[in-house]
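Asker: Each chain, letter by letter, is given below.
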Amino acid sequence: MAALISIAVFGIALLYIELTNSKKIQLPLAVVGLLVTLGLTVMQWNHPSSSFNNMAVTDNYSVAFNASILLSTMFVVLLSAYYYEDVKQHVAEIMALMLFTVFGAFLITSFSNMIMLFLGIETLSIPLYVLAGSKKFSLRSNEASFKYFLMGAFASAILLLGITLVYGASATFQLSAISDYVNNTKQLPGIFYMGIILILVGFSFKVAAAPFHFWTPDVYEGSPTLITAFMATVVKIAGFAAFYRLFSSAFSSIATFWEPLLWGMIILTLLISNFAALLQKGVKRLLAYSSISHAGFLLLGIIALNKLSAGGIFYYTLAYSLATIPAFGVLILVKNHRNSDDSIDAFNGLAKKNPLLAIVMSVALLSMAGIPITAGFFAKYYIFVAAIDSGYILLTIFAVLAAVLGVFYYFRLLNAMFLKEGEAEKIKIPVVFGISLLITTILTLAMGVFPDYIIKLL
Amino acid sequence: MIQKIAWMIPLFPLLGFIINSFGRKIISRNMSGIIASLMVFIPLIFAFDLFFSVTDKVTVHLFNWISAGVINIPFEFLIDPLSITMMLVVTGVGFLIHVYSIGYMGHDEHANTFFAYLNLFIFFMLLLVMGANYLILFIGWEGVGLCSYLLIGFWYKNTEYNNAARKAFVMNRIGDLGFLLGIILMLFAFGSVNFKDVFPAAGSVQSGNVTVTIITLLLMIGALGKSAQIPLYTWLPDAMAGPTPVSALIHAATMVTAGIYMIARSSILYSLAPITSGVIVVIGLATAVFAASIGLLQNDIKKVLAYSTVSQLGYMFLALGLGAYSSAMFHVTTHAFFKALLFLGAGSVMHALNNGQDIRGMGGLRKKLPITFITFLIATLAISGIPPFSGFFSKDEILAKAFASNPSLWVVGMIGALFTCFYMFRLFYLVFYGKFRGTSEQEAHVHESPLVMTIPLIVLAVLAFLGGFLNFPAIFGGKESFAEYLKPSLAGQYYGKELIPHQTELLLMASSVIILLAVIFIAWQVFVKRGTVPADETTERKGLVKLVYNKYFIDELYNSIFVKPYNFLSEKVFSWIDRVVIDGIVNSFGEISIICGRSVRKLQNGNTSFYLFVMAWAIVAMFIYLMLV
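Going down the list, the sequences are from chains A and B.
The first sequence runs 61 to 518 under the numbering used here.
The second sequence runs 83 to 711 under the numbering used here.
The hints are simulated quantities; they were obtained by calculation from the structure and are not laboratory data.
Hints are supplied without guarantee of correctness; some may be wrong.
Unchecked claim - Distance ranges between label pairs, derived from CB positions: (1) L95/A x N689/B: 38 to 46 Å; (2) E566/B x F510/A: 38 to 46 Å; (3) E566/B x I457/A: 58 to 66 Å; (4) P320/A x F650/B: 49 to 57 Å; (5) V509/A x N244/B: 29 to 37 Å; (6) K413/A x F644/B: 42 to 50 Å; (7) L685/B x K413/A: 34 to 42 Å; (8) L95/A x R248/B: 46 to 54 Å; (9) N649/B x I419/A: 33 to 41 Å; (10) V509/A x G285/B: 31 to 39 Å; (11) P320/A x S149/B: 51 to 59 Å; (12) I419/A x E566/B: 47 to 55 Å.
Just so it is clear, CB atoms sit at the ideal spot from N, CA and C, and this is done for glycine as well.
Assemble the whole structure, with the sequences as input and the hints as a guide.
Answerer: Pasting the structure below:
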């Protein structure tokens, strides 16, 4: 509760700071806001509480995910110092919108009532539509914003319809009550099942799982790169936290109904994303498909639905964020120095003149590919173990094969950086930028060497 | 107090490595050497402190490293007499060699890198001897192997040196594979690789248990590689390609004794595996005599010492096989003193002669290099086993144990000792006596090494002289304090009454000393009185001499039965299986994937209404599923 208020207050404060138009205050204020909120969040560890008439609960599950969301936002905000260096106006507004997105994310990691879920998803999404279009004079950015909004509205409507149908059957929005209803009713009505399907579709859209992923490549590519990094990390963490919370509590006893649907979606997601990524020329689009493929792996954690799931999903989303942010960070720098060229060829010979950037990028890519001593390895490992534990052997084998396919396109980029010749020039790395790249890289390696500390949290 | 901060011990050399490698362009060569030496000296002080404060076992827990399911591997250090002994040897001898290197490597342009590697080696070696489970031991084990590889090939511009480094690495890998399999099997058998779990569990195992026998055999294979025993010894003579301080530190005093340490550490397992112990006795004794016989005819000063190291390690193995673990550790200690001294002395000679290594090109150096001469003499007497020098006590202890087990073992061991004595004095006389046989240019250049090199020589000479008194035998009224000190660590050793009567032991000692003195006299007759110099390369050698001179053609044998067939097989596999079969499969997978990719990409056409269309149909499909279930 305190964290929620804090993030909102700092967001509003940032809007007022915009009037001063002084970047010297804006960035520190955003960072302080995030730090204060992080402190308030962490203080809630092991102190479960509920608020808003029991519509939201704060437990260790939500605290862990919230902390991970704040950490990711922090790195994105730190990168923004350089990204918005030349932008004169509205930078504070962009940060404020990010904080409001985080506000929405907080709601959906800790909801215990469907209304709260919908409220959270909308609060999360609407600032994002604006953020996607925040490069006001870029046609691509506007297109991304509009596409995202159009399809997002469609998905929100479907989700809301789903919630309504579930309410129609069970006469309650409360998760625990829905769960009781499922357990105590012999013959569940058809509209309840339809409701579940529609809710599943709504979530699949948010976390970009096939066949509801179509918005992702277009929006990720069109949005300003920094915003793409923000969407790919924060939204994904929050989306999966909410997804698992809902399906593991309210709908867990009829898992036999929705698990086959999820099963099909996992196969489809892994297939489409990995095959499509093979041929991408643009790095941003490649990372978009990679993000879709990670959603496929994460869904394995949800379908497993056992005691390893929560920890596995948490570890995976954190590992994925810590790899995605530096990857986009390096992309921003390279793109700026190559006249907005974000193709793989722009990375040719990067290692020669910019070994630090190449190393940061390599660690990020290796982590995404799931190569050991990076966090990504254990992320996949825990998710796979969870799935095997629940008997999804074939699905896991399929996922492993998909991961192998993934290695191929990540290595294309590594190949370009280390083995190819390119017009190499030294890229100057801004201090704050460099620090956040290094910290994320070190954290990725640390998580890969000491996975226990994270996985034991949940 | 010191026990609480014992975990810092390996950090100092690691810090030294970091400073010297990152600052290699800033720090001067001398400064780098001083930093490196200091980073070994501080752990030495710590180790002394531990020596005086720890008498039993102390486990220093750092953090829980790996815990997956039932496996729990903490990152812990074990401080007990055995690890303290090794720490003292590693840091003590290591420190002296670091100081010596300041003088020896001072002119090398890559001296800073050299010191960085040397520090890194000390770090891994300390990890190896301090680890409280087999996994940390293994990390150290691999780490020292890596440093050995880097330092053998230190002068990387020479292809032959690089080949030597690669050979050392590959041979060690063969052993490491055995070691790793042993660790894995242990994990299966005992459910743990922590010393504190495995050793008590082994206490309830029957002697001769098959699993324990296999585990010990596998671990032994690792030790054979690292400690250069038959059949994996051929890398060590080639490893002499590295700078001489490296040969002294890594390939004589410390790393190669890691195998001995590991077996002594696992003494309880080995005491339960009589078959393995028997194998170790045979291998050790065979290596001791075999390598010593090769040493008889070598003409490269470092090669002679290298074969001598292999041979001495054989004696240590013999002791391990006989269950005399403390005797093996005692010989490790004294050997570290006198063999490091011999190598550093050889280094001093080479330094004086502008890197000449052939003893046929030396001679008469005793006047020109007085300090080197005297210290080398002490080391030679020590390794030959002349009382009261340290080698006498440690070697005699092993031979006495051998006699107690079976007199014929003593006889064979004694033959090896005679060889040792002969080749050492052959070397000694050829280097320091007679006339100088090198070029006049060299003769003008000959000079005693600077103090920074001679002081370590003197300190080591004192140790090589007095080291034997650490374990002064009971027969002369001593307390065998070294063996007693190690008692808490060596659960597998029999600490009972002496196995052979005192008179017999005295008789054995006397006879061995008399024989050795005779050998020294013969060597003197041959090489000083008659001034014999070994024939040069062009002379044709015949029969046994040819066989020994060419090291029994073992390298050639390995080359034709392993290397060549392997290369042949690799080529065939590459040209057919890899090129045609594997590449064919992989490429077709790739092509199919790309075709799939193309069609998937067509779906992403940027048209929002198409996206919504697909989504809507997907929902419809799900509803159809609902109707079916």
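Asker: A range of 46 to 54 Å was offered for this pair. Does it hold for the Cβ distance of L95/A and R248/B?
Answerer: Between L95/A and R248/B, where Cβ atoms are some 52 Å apart, the hint holds.
Asker: Should the hint that P320/A and S149/B are 51 to 59 Å apart at their CB atoms be regarded as holding?
Answerer: The hint (51 to 59 Å, Cβ to Cβ) is violated, given that P320/A and S149/B are roughly 35 Å apart.
Asker: Within 49 to 57 Å or not, the Cβ separation of P320/A and F650/B?
Answerer: holds (54 Å)
Asker: Just to be sure I understand the hint, the distance between the Cβ atoms of L95/A and N689/B should be within 38 to 46 Å; is that true here?
Answerer: holds (44 Å)
Asker: Note whether the CB distance of N649/B and I419/A lies within 33 to 41 Å or breaks it.
Answerer: About 35 Å separates the Cβ atoms of N649/B and I419/A, which means 33 to 41 Å holds.
Asker: Holds or violated: the 42 to 50 Å window for the beta-carbon distance between K413/A and F644/B?
Answerer: Once the Cβ atoms are compared, 44 Å apart, the range 42 to 50 Å for F644/B and K413/A holds.
Asker: Per the hint of 38 to 46 Å, is the separation of the Cβ atoms of E566/B and F510/A within bounds?
Answerer: Hint holds: Cβ distance 41 Å, inside 38 to 46 Å.
Asker: Quick one: are L685/B and K413/A within 34 to 42 Å, going by C-beta?
Answerer: holds (39 Å)
Asker: Is the hinted range of 29 to 37 Å satisfied by the C-beta distance from V509/A to N244/B?
Answerer: holds (32 Å)
Asker: Tell me if the beta carbons of E566/B and I457/A are separated by a distance inside 58 to 66 Å.
Answerer: holds (59 Å)
Asker: Could one say that the CB atoms of V509/A and G285/B fall in the range 31 to 39 Å?
Answerer: holds (34 Å)
Asker: Using the Cβ atoms, figure out if I419/A sits within 47 to 55 Å of E566/B.
Answerer: holds (53 Å)
Hint violations for this structure: number 11 only, all remaining hints satisfied.
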